Amino acid sequence: MDKRALGPGVVEFTVAAPLIARKARAGQFVVVRAHERGERIPLTLADWDSERGTITLVVQEVGKSTRELGEEFAVGDAIRDVAGPLGTPSEIMAYGTVVCVGGGVGIAPIYPIARALHDAGNEVIAIAGARTKELLFWLDRLGQVSDQLIVTTDDGSFGRRGLVTEPLREILASRKVDHVWAIGPAIMMKFCTQVCRELGVPITVSLNSIMIDGTGMCGGCRVEVEGQARFACVDGPEFPGDLVNWDLLLARLGTFKDEERCALERYLAAKEVAR
Amino acid sequence: MIRPTQVPMREQDPKARIHNFDEVPLGYTPDEALEEAARCLQCKNAPCVKGCPVNVDIPKFIREIREGDFRGAIATIKETNNLPAICGRVCPQETQCQAPCTLGRRFEPVAIGRLERFVADWEYANGVGVPRVGDPTGFRVAVIGSGPAGLTCAADLRRLGHAVTVFEALHEPGGVLMYGIPEFRLPKRIVGAEIEGLHRMGVEIQVNVVVGRTLTIDELLADGYAAAFVGTGAGLPKFLGVAGENLIGIYSANEFLTRVNLMRAYLFPEYDTPVKIGRTVAVVGGGNVAMDAARTALRLGAERVMILYRRTEAEMPARAEEVHHAKEEGIEFHTLVNPVRFLGENGRVVGVECIRMELGEPDESGRRRPVPVAGSNFVLPVDTAVIAIGNDPHPLIPRTTPGLQVAREGTIVADEDGCTSREDVFAGGDIVTGAATVISAMGAGKRAAHAIHRYLATGRSGRKPGPPIAVA
Ligand SMILES: Cc1cc2nc3c(=O)[nH]c(=O)nc-3n(C[C@H](O)[C@H](O)[C@H](O)COP(=O)(O)OP(=O)(O)OC[C@H]3O[C@@H](n4cnc5c(N)ncnc54)[C@H](O)[C@@H]3O)c2cc1C
Ligand SMILES: Cc1cc2nc3c(=O)[nH]c(=O)nc-3n(C[C@H](O)[C@H](O)[C@H](O)COP(=O)(O)OP(=O)(O)OC[C@H]3O[C@@H](n4cnc5c(N)ncnc54)[C@H](O)[C@@H]3O)c2cc1C
Ligand code: SF4
Ligand code: SF4
Ligand code: FES
Chain A
0 MDKRALGPGV
10 VEFTVAAPLI
20 ARKARAGQFV
30 VVRAHERGER
40 IPLTLADWDS
50 ERGTITLVVQ
60 EVGKSTRELG
70 EEFAVGDAIR
80 DVAGPLGTPS
90 EIMAYGTVVC
100 VGGGVGIAPI
110 YPIARALHDA
120 GNEVIAIAGA
130 RTKELLFWLD
140 RLGQVSDQLI
150 VTTDDGSFGR
160 RGLVTEPLRE
170 ILASRKVDHV
180 WAIGPAIMMK
190 FCTQVCRELG
200 VPITVSLNSI
210 MIDGTGMCGG
220 CRVEVEGQAR
230 FACVDGPEFP
240 GDLVNWDLLL
250 ARLGTFKDEE
260 RCALERYLAA
270 KEVAR
Chain B
0 MIRPTQVPMR
10 EQDPKARIHN
20 FDEVPLGYTP
30 DEALEEAARC
40 LQCKNAPCVK
50 GCPVNVDIPK
60 FIREIREGDF
70 RGAIATIKET
80 NNLPAICGRV
90 CPQETQCQAP
100 CTLGRRFEPV
110 AIGRLERFVA
120 DWEYANGVGV
130 PRVGDPTGFR
140 VAVIGSGPAG
150 LTCAADLRRL
160 GHAVTVFEAL
170 HEPGGVLMYG
180 IPEFRLPKRI
190 VGAEIEGLHR
200 MGVEIQVNVV
210 VGRTLTIDEL
220 LADGYAAAFV
230 GTGAGLPKFL
240 GVAGENLIGI
250 YSANEFLTRV
260 NLMRAYLFPE
270 YDTPVKIGRT
280 VAVVGGGNVA
290 MDAARTALRL
300 GAERVMILYR
310 RTEAEMPARA
320 EEVHHAKEEG
330 IEFHTLVNPV
340 RFLGENGRVV
350 GVECIRMELG
360 EPDESGRRRP
370 VPVAGSNFVL
380 PVDTAVIAIG
390 NDPHPLIPRT
400 TPGLQVAREG
410 TIVADEDGCT
420 SREDVFAGGD
430 IVTGAATVIS
440 AMGAGKRAAH
450 AIHRYLATGR
460 SGRKPGPPIA
470 VA
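If you read the sequences in order, they're chains A and B.
Residue 196 in numbering that gives the first Met the number 0 sits at position 197 of the first sequence, and the numbers go up by one each step.
Residue 369 in numbering that gives the first Met the number 0 sits at position 370 of the second sequence, and the numbers go up by one each step.
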């Protein structure tokens with residue numbers, strides 16, 4: 000395993016997983032369990048190399064499991080379990096002009112999709128956004144697979160100041176766009192969907208509901224799309240944004256808030272003691 | 000004088016056990032086993048054997064117990080049943096081997112399951128032999144899924160001398176035995192010991208391989224596997240399809256039990272996976288899965304746990320012993336009720352609206368069909384609900400294996416021997432029958448191993464000629 004910091008709390012891992020690397024397609028993910036007592040967490044395939052047999056994951060440290068990955072795992076360590084590739088691949092075809100929006104750590108999963116769309120002959124306009132300059136990464140890579148790259152930061156420390164929805168709205172209002180792809184925090188995808196709805200452009204989003212098995216066995220990842228319960232891990236994770244019940248997704252993401260806080264505090268306390 | 004009743008098995012006191020995940024029945028001592036074995040009439044026609052899906056030679060193993068030959072008794076059972084410690088615990092004996100027991104016509108039937116468990120546990124305590132493995136045949140077989148069907152098929156193929164690799168989607172092998180049936184009913188060390196036995200026989204187990212995603216069956220066959228057995232189970236949870244079912248606090252039984260069993264959420268925060276349990280829990284359903292979910296909820300600290308079932312207790316598919324245990328532990332049984340919607344506040348479930356049911360005409364299954372009583376709606380306040388109304392077959396393999404015939408219910412079409420519409424692909428267990436039992440899945444795995452053996456020897460699967468292959 001190889002590891003590289005991309006910014007504060009954002010880490011890139013390259014993991015040997017030849018079977019997964021051989022099969023990986025844009026839009027798919029893996030489920031990772033870091034150690035014997037760990038939980039299963041889904042992470043998107045941000046890149047892969049079928050010849051070297053490696054996959055690349057970009058992890059944002061938000062709670063115990065992701066912080067542990069970022070802080071406790073070093074180059075050469077093995078992640079206990081990696082299963083995949085899971086989920087239905089992105090529907091890549093010649094749309095015409097596509098805007099790809101990546102917010103925060105969502106810049107990583109949008110990259111292989113932009114690349115596949117670009118390879119399929121689409122004109123790709125990429126928008127990458129983050130809170131601040133230090134949290135931006137892979138802009139060079141994204142630039143290579145897009146015809147135009149727009150960067151935003153909430154605080155204006157790099158690129159345009161503001162949210163990704165602003166350039167998105169301007170582009171959709173000023174020229175013909177055939178499709179939009181957005182990956183990032185649920186709330187960002189929700190607002191991107193609103194913009195697309197107003198301007199009549201179809202949008203695909205990647206839903207990050209809470210998962211366990213990632214194979215369709217537990218139903219914990221269920222989301223509501225067009226009023227129907229769907230399993231994000233097999234029917235998705237990508238769905239048409241305008242059919243998603245966003246409030247339900249946002250509520251369900253908070254299911255285990257108290258337990259997550261407890262796990263994180265306990266982890267940090269143990270670290271403190273160790274120091 | 001024959002003792003009219005079964006020698007009781009000591010159990011953890013209900014008051015104590017609802018606070019722990021330790022096993023409930025404690026097993027027989029040798030003396031108790033001898034006393035129970037003495038009740039067997041050693042019938043010549045042995046009706047009990049016909050009641051067992053894998054035809055364990057019951058009178059013989061009970062005779063061996065009587066003679067104090069426990070080693071012989073376990074060998075007898077293992078001739079047809081690889082997993083006696085598991086079957087002795089989870090088989091629905093009252094509808095299988097014990098139902099036709101001659102003694103049962105006048106008294107309680109012989110406690111065959113408890114005796115089976117006794118000798119299996121005795122073997123664990125006294126050293127388990129590794130079964131002899133046949134001379135290498137040069138063939139490799141892929142077994143997909145590591146539930147009872149896959150484990151049994153793998154063991155038997157290995158005994159016949161074939162090289163076997165088991166591919167399992169999850170990070171631990173065992174299927175429902177690992178992720179579904181709780182620790183207090185089937186300790187995971189027992190499942191672990193069986194899997195260790197397979198390792199020692201030289202079976203290779205690859206976890207984290209989702210066949211259909213990581214690899215397809217055709218890729219495995221192209222890669223040197225001469226045949227494949229599909230034992231992927233019925234793992235797709237059903238939901239009621241009523242309003243409010245996606246509120247926070249409503250789990251499928253699979254999610255709830257997977258969190259607790261496979262991921263050890265009952266040990267959170269020692270283990271990282273959480274589970275949230277409220278004070279008042281409704282479990283919808285009347286099978287083993289519902290009993291397991293209800294009893295698990297109680298152990299996680301719920302104050303009140305209710306089973307909501309739309310028929311009467313007589314129609315409940317759960318094992319009698321589990322219903323009995325659940326009642327002892329204080330689970331409330333609300334029968335002839337059906338949820339019509341869930342009520343929420345701030346996205347969380349706060350109640351379930353139910354309607355009362357009455358039994359009407361018998362349906363296809365012969366059970367009287369429950370029909371709603373108009374206007375009888377009422378609300379039960381709950382803060383957690385578990386939907387345990389069954390599972391459908393997993394669609395991934397059928398979808399990614401061209402030429403594999405699938406029935407309307409999503410099950411793979413296969414005959415008694417596990418032969419499918421494809422000569423080189425065999426299937427058995429819940430993926431063929433729909434959700435059934437551990438022992439029937441094992442029986443299917445065993446028959447398929449022999450069919451695969453025939454196929455490897457002759458190049459023909461022995462599939463009955465001509466469509467349609469009957470759905471088992
Ligand atoms: C399909 C998919 C792809 C994803 N790809 C990436 C990625 O490439 N990079 C990345 O950094 N993150 C990704 N995530 C999110 C990542 O899985 C969560 O951040 C991680 O599980 C949080 O675990 P934790 O213990 O660190 O945090 P916790 O403190 O446990 O949780 C923080 C928040 O993360 C969410 N979360 C918690 N557990 C899970 C779970 N088992 N599954 C999903 N979400 C959960 C909840 O909303 C929770 O409030 C993806 C999620 C999904 C569903
Ligand atoms: C909670 C619960 C309690 C039960 N209690 C009892 C009981 O008391 N007595 C009884 O007799 N029966 C009981 N049953 C039923 C019994 O467990 C099942 O009938 C039996 O396990 C079926 O065995 P199987 O081998 O067909 O499938 P499973 O046990 O379901 O195993 C299938 C395995 O295949 C794996 N798999 C699925 N898809 C793939 C794939 N694409 N690639 C690789 N691997 C895959 C799964 O992860 C799983 O490990 C219970 C079931 C449940 C859920
Ligand atoms: S395997 Fe099950 S049915 Fe057969 S004898 Fe044993 S307990 Fe009875
Ligand atoms: S039917 Fe009952 S009494 Fe007769 S041999 Fe079988 S177990 Fe013994
Ligand atoms: S994560 Fe379990 S069904 Fe999707």
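FYI, nobody ran anything at the bench for these hints, they're computed from the structure.
One or more hints might be untrue.
As the list claims (entries may be wrong) - Computed list of chain B residues with no C-beta within reach of chain A, every gap over 10 Å:
1) M200
2) E244
3) E254
4) P268
5) D271
6) A313
7) H323
8) P371
What the hints assert, rightly or not - Chain B side only, calculated, beta carbon under 10 Å to chain A, not exhaustive:
9) Y123
10) L169
11) F238
12) L246
13) F255
14) F267
Note that this is a predicted model, so its numbers are computed, not measured.
Glycine included, each C-beta is placed from N, C-alpha and C at the ideal position.
Checked hints:
At roughly 24 Å from the closest C-beta of chain A, the C-beta of M200/B stays outside 10 Å, upholding its exclusion from the interface. In this structure E244/B is not separated from chain A by more than 10 Å, as the shortest Cβ-Cβ distance comes to only about 7 Å. With 10 Å as the threshold on Cβ separation, the claim that E254/B sits away from chain A is violated: the shortest Cβ distance comes to roughly 4 Å. Chain A draws P268/B into its interface by the beta-carbon criterion, the shortest separation being 5 Å against a cut-off of 10 Å.
Annotated as non-interface, D271/B brings its C-beta within 10 Å of a C-beta of chain A; the closest such distance is 4 Å. Residue-level check passed: A313/B sits 30 Å from the nearest beta carbon of chain A, beyond 10 Å. Taking the minimum C-beta to C-beta distance to chain A, about 29 Å, the non-interface status of H323/B holds against the 10 Å cut. Residue-level check passed: P371/B sits 23 Å from the nearest beta carbon of chain A, beyond 10 Å.
For Y123/B, the interface hint is violated, the least distance from its beta-carbon to any beta-carbon of chain A being 23 Å, above 10 Å. Evaluation of the L169/B hint against chain A yields a held restraint, the C-beta minimum of about 7 Å falling below 10 Å. This hint holds: F238/B has a C-beta 6 Å from the nearest C-beta of chain A, less than the 10 Å allowed. Taking 10 Å as the C-beta cut-off, the interface hint given for L246/B holds, the closest approach to chain A being about 8 Å.
Of the supplied interface hints, the one on F255/B holds, with its beta-carbon coming within about 9 Å of a beta-carbon of chain A, less than 10 Å. Hint status for F267/B relative to chain A: holds, with the closest Cβ pair at about 7 Å, below 10 Å.
Hint compliance for this structure: hints 2, 3, 4, 5 and 9 are broken, all remaining hints hold.
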